[in-house]
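Colleague: For reference, the chains in residue letters:
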Amino acid sequence: GAGVSQSPRYKVAKRGQDVALRCDPISGHVSLFWYQQALGQGPEFLTYFQNEAQLDKSGLPSDRFFAERPEGSVSTLKIQRTQQEDSAVYLCASSQTTGWGTEAFFGQGTRLTVV
Amino acid sequence: QKEVEQDPGPLSVPEGAIVSLNCTYSNSAFQYFMWYRQYSRKGPELLMYTYSSGNKEDGRFTAQVDKSSKYISLFIRDSQPSDSATYLCAMSEPNDYKLSFGAGTTVTVRA
Chain A
11 GAGVSQSPRY KVAKRGQDVA LRCDPISGHV SLFWYQQALG QGPEFLTYFQ
61 NEAQLDKSGL PSDRFFAERP EGSVSTLKIQ RTQQEDSAVY LCASSQTTGW
111 GTEAFFGQGT RLTVV
Chain B
384 QKEVEQDPGP LSVPEGAIVS LNCTYSNSAF QYFMWYRQYS RKGPELLMYT
434 YSSGNKEDGR FTAQVDKSSK YISLFIRDSQ PSDSATYLCA MSEPNDYKLS
484 FGAGTTVTVR A
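Taken in sequence, the protein lines are chains A and B. For any residue, its number in the working numbering is found by taking its place in the first sequence, counting from 1, and adding 10. For any residue, its number in the working numbering is found by taking its place in the second sequence, counting from 1, and adding 383.
Chain A with its partners taken away, still in its complex shape (with noise of 0.2 Å):
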């Protein structure tokens, strides 16, 4: 595709119920990345993946939190028994380098609202 694509794009959960976020980043893509967005907040770091490997899982705010990217292309970020403090956008980004660089770039974010 011509960018990061994310679904849903909106999605509604009752606490306590799981949820999966799905990204999938531009062709060819080495890193990617999950950043959570809380409202009027900047992005905070959740984890980094390079290819099919989870070099750093550090942001995942808790347990609950599982990212996983098998085949080195999709990933999927999931949330167990969700929380209201989860309410956020969580943004996928992808860059064809290993580490950040200028070549990164986002996708338009899942909102997540937990009720």
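FYI, nobody ran anything at the bench for these hints, they're computed from the structure. From the three backbone atoms N, C-alpha and C, an ideal C-beta is built for every residue, glycine too. There's no promise every hint is true.
Said to hold, decoys possible - With a straight-line cut-off of 27 Å between C-alpha atoms, the simulated DSS-like cross-links for lysine-lysine are: (1) Lys425/B <-> Lys21/A; (2) Lys425/B <-> Lys88/A; (3) Lys481/B <-> Lys439/B; (4) Lys21/A <-> Lys67/A; (5) Lys450/B <-> Lys439/B; (6) Lys67/A <-> Lys385/B; (7) Lys88/A <-> Lys481/B; (8) Lys481/B <-> Lys67/A; (9) Lys67/A <-> Lys425/B; (10) Lys24/A <-> Lys450/B.
Stated by the list, open to error - Label pairs and their calculated CB-CB ranges: (11) Ser451/B <-> Gly69/A: 24 to 34 Å; (12) Gly69/A <-> Gln384/B: 14 to 24 Å; (13) Arg91/A <-> Glu440/B: 46 to 56 Å; (14) Arg74/A <-> Arg460/B: 38 to 48 Å; (15) Asp479/B <-> Arg19/A: 46 to 56 Å; (16) Asp73/A <-> Lys450/B: 17 to 27 Å; (17) Arg25/A <-> Ser395/B: 35 to 45 Å.
Given the coordinates of chain A, assemble chain B onto it according to the supplied hints.
Modeller: Same frame as chain A, now just chain B:
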């Protein structure tokens, strides 16, 4: 205290005015400095990218980095209504893939 501080505004200016945005930071190891523009309900898009200190100009946009003061700026000349967006500063250490973002400044350019 956050690593990167940015006044959230909002900032409202008439069309044609100069928009001045800035961020301060505390981590002296930051070497890469970026400005992103984020339209409502969209992902951030890279506007300007600067390594270390100095100025960089691209069309109507000028980015400045003053590492001695730990202060970065973005200037938008001849602002247009299409420049209305949230502007995020971001920075990283060398060889680091994690960006540290400011909270963003919301700018409205009035026609």
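Colleague: Compare the distance between the alpha carbons of Lys481/B and Lys67/A with 27 Å, and conclude whether the hinted pair is satisfied.
Modeller: Satisfied, since the Cα-Cα distance of roughly 11 Å is no more than 27 Å.
Colleague: Would you mind confirming whether the straight-line C-alpha gap from Lys21/A to Lys67/A stays at or under 27 Å?
Modeller: holds, 23 Å
Colleague: Between Arg25/A and Ser395/B, does the C-beta distance stay in 35 to 45 Å?
Modeller: Cβ of Arg25/A to Cβ of Ser395/B: about 37 Å, so the range 35 to 45 Å holds.
Colleague: Sort out whether Lys88/A lies within 27 Å of Lys425/B, counting only the CA atoms.
Modeller: It holds: about 21 Å lies between the C-alpha atoms, which stays within 27 Å.
Colleague: Just to be sure I understand the hint, the distance between the Cβ atoms of Arg91/A and Glu440/B should be within 46 to 56 Å; is that true here?
Modeller: Roughly 50 Å apart at Cβ, these two residues keep to the hinted range, so it holds.
Colleague: Does the hinted range 38 to 48 Å hold for Arg74/A and Arg460/B at CB?
Modeller: holds, 46 Å
Colleague: For a C-alpha distance cap of 27 Å, please report whether Lys24/A and Lys450/B respect it.
Modeller: violated, 46 Å
Colleague: I want to verify a distance hint. Is the separation of the beta carbons of Asp479/B and Arg19/A within 46 to 56 Å?
Modeller: violated, 30 Å
Colleague: Quick one, are Lys425/B and Lys21/A close enough, alpha carbons at most 27 Å?
Modeller: holds, 15 Å
Colleague: Checking one constraint from the list: CA of Lys67/A to CA of Lys425/B, max 27 Å. Satisfied?
Modeller: Status holds; Cα separation ~25 Å.
Colleague: Under the criterion that the straight-line Cα-Cα distance not exceed 27 Å, is the pair Lys481/B, Lys439/B satisfied?
Modeller: Satisfied, since the Cα-Cα distance of roughly 23 Å is no more than 27 Å.
Colleague: Taking only the CA atoms, is the gap from Lys450/B to Lys439/B under or equal to 27 Å?
Modeller: Status holds; Cα separation ~14 Å.
Checked against the numbered hints given earlier, the structure breaks hints 10, 15 and 16 and satisfies all the rest.
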